[in-house]
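> Sequences and hints are given; from them, build the entire structure.
Protein chains in written order, with the working numbering: chain C, 1 to 243; chain V, 244 to 533; chain B, 534 to 866.
Keep in mind the hints are simulated off the structure, nothing from the lab.
Hints are supplied without guarantee of correctness; some may be wrong.
Said to hold, decoys possible - Below, computed lysine to aspartate or glutamate pairings styled on EDC-like, alpha-carbon distance capped at 20 Å:
1) C:Lys178 x C:Glu199
2) C:Lys157 x C:Glu186
3) V:Lys510 x B:Glu663
4) B:Lys721 x C:Glu113
5) C:Lys157 x C:Asp64
6) V:Lys510 x B:Glu779
7) C:Lys157 x C:Glu22
8) B:Lys721 x B:Asp742
9) V:Lys510 x B:Asp742
10) C:Lys157 x C:Asp67
11) B:Lys721 x C:Asp132
12) C:Lys178 x C:Asp132
13) C:Lys157 x C:Glu31
14) B:Lys721 x C:Glu74
15) B:Lys721 x B:Glu734
16) C:Lys178 x C:Asp142
17) B:Lys676 x B:Glu613
18) B:Lys609 x B:Glu663
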Amino acid sequence: MAPLLQVESSTKRFGGLLANREVSLAIEAGEIVGLIGPNGAGKTTLFNCITGYMHPDEGRIVFDGADVTRTRPERICRLGVARTWQVVRAFGRMTALENVVCGALQRTNRIAEARARAGALLEFTELRGRGDMPAATLTLADKKRLEIARALATRPKLLLLDEAMSGLTPIETAAAVKLVRRIHEELQVTICVVEHVMEVVMPLSHRVIVLDYGVKIADGAPQAVVRDSQVIRAYLGDRRAAR
Amino acid sequence: MTELAQAVVNGLQMGFLYALVAVGLTIIWGLMEMINFAHGEFLMLGMFGAWWLSAGFHLDPLLAIVPIALAMYLFGMLVYQQLMRRVQGGDPFTQIFATIGLLFLLQNAVVAGFTSDYRFVNDTFLQKLGGVRLTLLGVTFAVPLLLAAGLALLLFLALYLLIERTEFGLALQATSEDRDAARLVGIRPQRMFAVAWGVGAALVAIAGAILVNFFSVYPQVGLQFTVLAYAIVALGGFGSILGTLLAALLVGVIQSVTVVYLPPAFKDAFVFASYLLIGLFRPQGLFGRF
Amino acid sequence: MARLALVLGTLAAILYPIPLQIQGTTYYQTVGFLVLITAMLGVGWNVIGGWAGQFDFGPQVFFGVGAYTAALLYVKLGVEAWLGLLAGVAAAAVICAVLTYPLTRLRGHYFAISTVAIWMIAQPIGATWEYIGAAQGLFIPMKAHAGIVGSAVALQFSGPTKALGYYYSALVLFALTVALMAWVERSKLGFYFRAIRDDQEAAESIGIDSRLYKVLARSITAGVFAAGGVLYAFWALSVFPEQVLELNWSTLPIMATVVGGIGRLWGPLLGAVILIPISQIMSTTLGTGPLAGRGIDLIVYGLIIVVIAAFRPTGLLSLPWARWFGRRRPAAA
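Quick look at the structure:
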C-alpha cells in the first residue's frame, strides 16, 4: 500500500538560503513520526510545504494519492491534513468552543452538529469548562490543546504538530505526550510531531526523521537514530558537549 | 511625441511636490502605523496659513514656510499628545474615528474663520517668475514649478538624511520596529510618536505653503490630497522614504499623461487603476521591503 | 432581558412618529429616516469590517450601484422600486464579487487602499457616462399612486406623509437587514468571517478559503449598501454621482459602528441614534441664523467625536455591555 504522505526530493530556497534540500520522506498510515533537528534545520519549512503555505521549488508532495505540491492550505485540509503552529494561533476574540466549532464546520454545515462535536473534542482534550472563555485569555498550555482540538475537529487523517510541547512545564509536557498517544490510539489519526526536545520525541515516536541544514540525515527507529554518528555530530554532539 | 515628453516632465515636477505631501504620511502611517484621515487637513492648514500671511502681512509663501512649519510641528505634537496617544492602544478603527472627528473640526474651524470661498495668493516670488521658461529639446520647463520641485527635493533629501543617518532617525525607526525593545535601550516611545506627528504635520504643511503658489485654497481642499497621499505611501511600500519619492513621481507622471488622452476627471482614477494593477502583481507595493 | 429590550425598542420605533404626525411635525420622522439608513448601512458594514475584520472604505460604490440600478430600471423600463431594489442588491453583490476577488490577494492596508481605488475609479465613470446621465444623473419622476398602499408598493411618498412613509420603509428595510445579519452571524458564514479576522493563516489551516469568504463578506456588505442606496434614491427623487458616491456614505456608518460597538449586531443602531440626531440638531440650531453656513454645527460635531474618542481610549467598544444587560454575553462577542 502507498504511504499516506510522500515527500519526493522537495527543495525550498529563500533567496540564497536552502531551507530544504531534496528532502524525501514517507509517512505510513497509523504511524507516529518524530521530525527533529536543531533550530533552523528546516522543519517548519517542510511543514509549511506539506500544508500548502509554501510550495517547494522542486520536488513533489503526494498525500493520500493526490498531488498537493501546488495546492492551497484550505484544500489540503479538506483532503485530511491538519496542523498546529509553533507560535500558537488561536482565534483570540472567539471563545474556545467557537474556535473548535470553526474546525468542525469543515465537515458539516449544521451549527448544532458542529457545536456537539466541538464540545466532545473539548472534553477529549481536557478543556471542559473553558468553552466559554475567549481563547486569548487561556494559558499557553490550554491554547496549545485548543489548537489540537480545533485541528482534530476537521477530522484529519494526518495531524502535524509543530512544537506542541515547547514552552510547557514538565507536568504539562507529560500531559501533552499523553494526549498525543490518546489521539493516535482512540481517534486512529496518523501523527507527525516536530520537536527539538529529543527527550520528548524519542519515547513517543515509532520512527524519527532528522533534518540538519535543510538535509535529511537520518530516518529510522529512535534507538538506531540516537546511535547514528552523523546525528550525534550534527545535533546531539553539540548538546552533549554543552552540558 | 513632444506632447508626451512635456507631460512626463510636468508630471515629474508635480511628483516632487506630491512626495512632500505624502512623506509626512509615510512617517505617521508607514513607519508609526497610525491612521490619520485628517492628513489633507494639515495640508489645508498649511495652505491657509501661507495665504493668510501673504494676504495680511505680505509675507511670501516661501518665507512663510518657516513659521508655518514650526506652528504645525507643535500642532502635530499636540494632536498626538491630546488625542492620538489615547486611542493608540485600541482597535485601529478608533484611530479612524478620532481623525475623522479632527477632520470635521479643522475643516469647519477654517470655514468659520474664512468661509468656504476659494482664495488665491497674488504677486508671490514664484508667481512673478511665471513668464520665465526654459526650453530644452522642445520641452518647456516653467521656472516657478521647477524651483518648487527643486525645493521639495531638497527638503526631501534633508528628511531622508534625518531618518536614515541621524541618531534621532534610528531611534524613530527602532520605535516603529519594536516599541518595547526601543524602551529597553532608553528611547521614550511616546516622545518618538509625538515627534513623528510633529514632523509629519510640519512636512505636509510646508508642502501646502509651496502648493499655494499654484493652487487655490478652500477648506475642503484636503481630501483629494489625502486620498492621493495614501495611494503614494502604499505604492511606495509603507515607511520607505525613497519608495515614497519614487511612487510620488510615478503618480505625478500618470496624472499628467492621463490628461493628455482623457478628460481631467480621470486623472486620479488612472492613478488608482495603476495602483490596482501593480497591487495584483506586487501585493507588497512597488518598493516594499519584503 | 434582551428580548424585552427588543420588544420595547420595536414598539417605540413604530409608535413614536404617530403623535408627531398628528401634531403636523415631520422633522423628527426625517431624522429617524436618516438614523435608520445610517444604522442599516452600519449593520451591513459590520460584516466586512467588524466580523471579517477587513478595512473597507469603499462600500459607497455599491450604495451608488444600487441607486443607479433601481433608478435606471424605473426610468427606462418602468420597473417598480421594490423590484428595482432586489435587482440593485443582486447587481451590487455580483459586481462586488467580481471586483473584490482579485483584490483579496492584497492584505491589511493594501486591501484598504484598493477599496478606495475602486471608489476613485467609479467617480469619473459616473460623472462622464452619458447613459446614466453623466454628472446630471437621473431624475426619478413621481407618479400618481392610489392611497397609502399604492405609495408603499411604489416606494413613492409625497406631501405631509412623505417623511413618515420613508421612515416606515426604512424601518422595514432595517428590520430585514438585522434579521438577515443575525442569521448570517449564527451561520457558518459568521464563524468563518470571525476566524479570518482573528487569524487568516490559522483559518486556512482548518479548511477555510479565506479569499472566497472575504469576497462573500464584502458582497453581503455591498448588498446592504445597495438596498440603502435604492431607498435613498427614491427619497431624494434623483441619483447623481456627487450625491450617491459621496464619501459620507461610508464614513458615517463606520463611525456609527465604532461608537456603538464594532462587530456587535445592534452596535450601529446605537451609534446612529447617538451621532445622527446630534448632527441634525447641531445643523438646525447652530447651522441657522446669522452664523449659517459657517460650519459651527460641524465644529461642535467634530469636537464631540474627538472628545468621545479621547475619553474612551479603546473606542466605545469598551462600553460596559455586560453590566447593562446582565450577565448574558452578547452573541457577537
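> A separate judgement is required for each hint: does it hold in the structure or not?
Results for each hint:
Between the alpha carbons of lysine 178 of chain C and glutamate 199 of chain C the distance comes to roughly 14 Å, so the proposed pair stays at or under 20 Å and holds. Taken as a hint, the lysine 157 of chain C and glutamate 186 of chain C pair is honoured in the structure, with Cα atoms around 13 Å apart against an allowance of 20 Å. For the given pair, lysine 510 of chain V sits about 19 Å from glutamate 663 of chain B by alpha-carbon distance, which is consistent with the 20 Å threshold. Between lysine 721 of chain B and glutamate 113 of chain C the CA atoms are separated by roughly 12 Å; this keeps the pair inside 20 Å, and the hint holds.
With a C-alpha separation of about 9 Å, the suggested pair lysine 157 of chain C and aspartate 64 of chain C falls inside the 20 Å cut-off, and the hint holds. Among the hinted pairs, lysine 510 of chain V with glutamate 779 of chain B is consistent with the structure: their alpha-carbon atoms are about 18 Å apart, no more than 20 Å. Proposed proximity of lysine 157 of chain C and glutamate 22 of chain C is contradicted: the alpha carbons are some 25 Å apart, above 20 Å. A distance of roughly 13 Å separates the Cα atoms of lysine 721 of chain B and aspartate 742 of chain B; the hinted pair therefore holds under the 20 Å criterion.
Between the alpha carbons of lysine 510 of chain V and aspartate 742 of chain B the distance comes to roughly 36 Å, so the proposed pair goes past 20 Å and is violated. Straight-line distance between C-alpha atoms of lysine 157 of chain C and aspartate 67 of chain C comes to about 16 Å, which keeps the hinted pair within the 20 Å bound. Distance check on the hinted pair: lysine 721 of chain B and aspartate 132 of chain C sit about 18 Å apart at the alpha-carbon level, within 20 Å; holds. Restraint check: the Cα-Cα separation between lysine 178 of chain C and aspartate 132 of chain C comes to about 25 Å, which exceeds 20 Å; the hinted pair is violated.
Of the supplied pair hints, the one linking lysine 157 of chain C and glutamate 31 of chain C holds, its CA atoms being roughly 11 Å apart against a limit of 20 Å. A hinted pair counts as satisfied when its Cα atoms are at most 20 Å apart, and lysine 721 of chain B with glutamate 74 of chain C qualifies at roughly 16 Å. Restraint check: the Cα-Cα separation between lysine 721 of chain B and glutamate 734 of chain B comes to about 18 Å, which is no more than 20 Å; the hinted pair holds. A threshold of 20 Å between alpha carbons decides the hint, and for lysine 178 of chain C with aspartate 142 of chain C the separation of about 14 Å falls inside it, so the pair holds.
Among the hinted pairs, lysine 676 of chain B with glutamate 613 of chain B is consistent with the structure: their alpha-carbon atoms are about 11 Å apart, no more than 20 Å. Our distance criterion of 20 Å between C-alpha atoms is met by lysine 609 of chain B and glutamate 663 of chain B, whose separation comes to about 14 Å.
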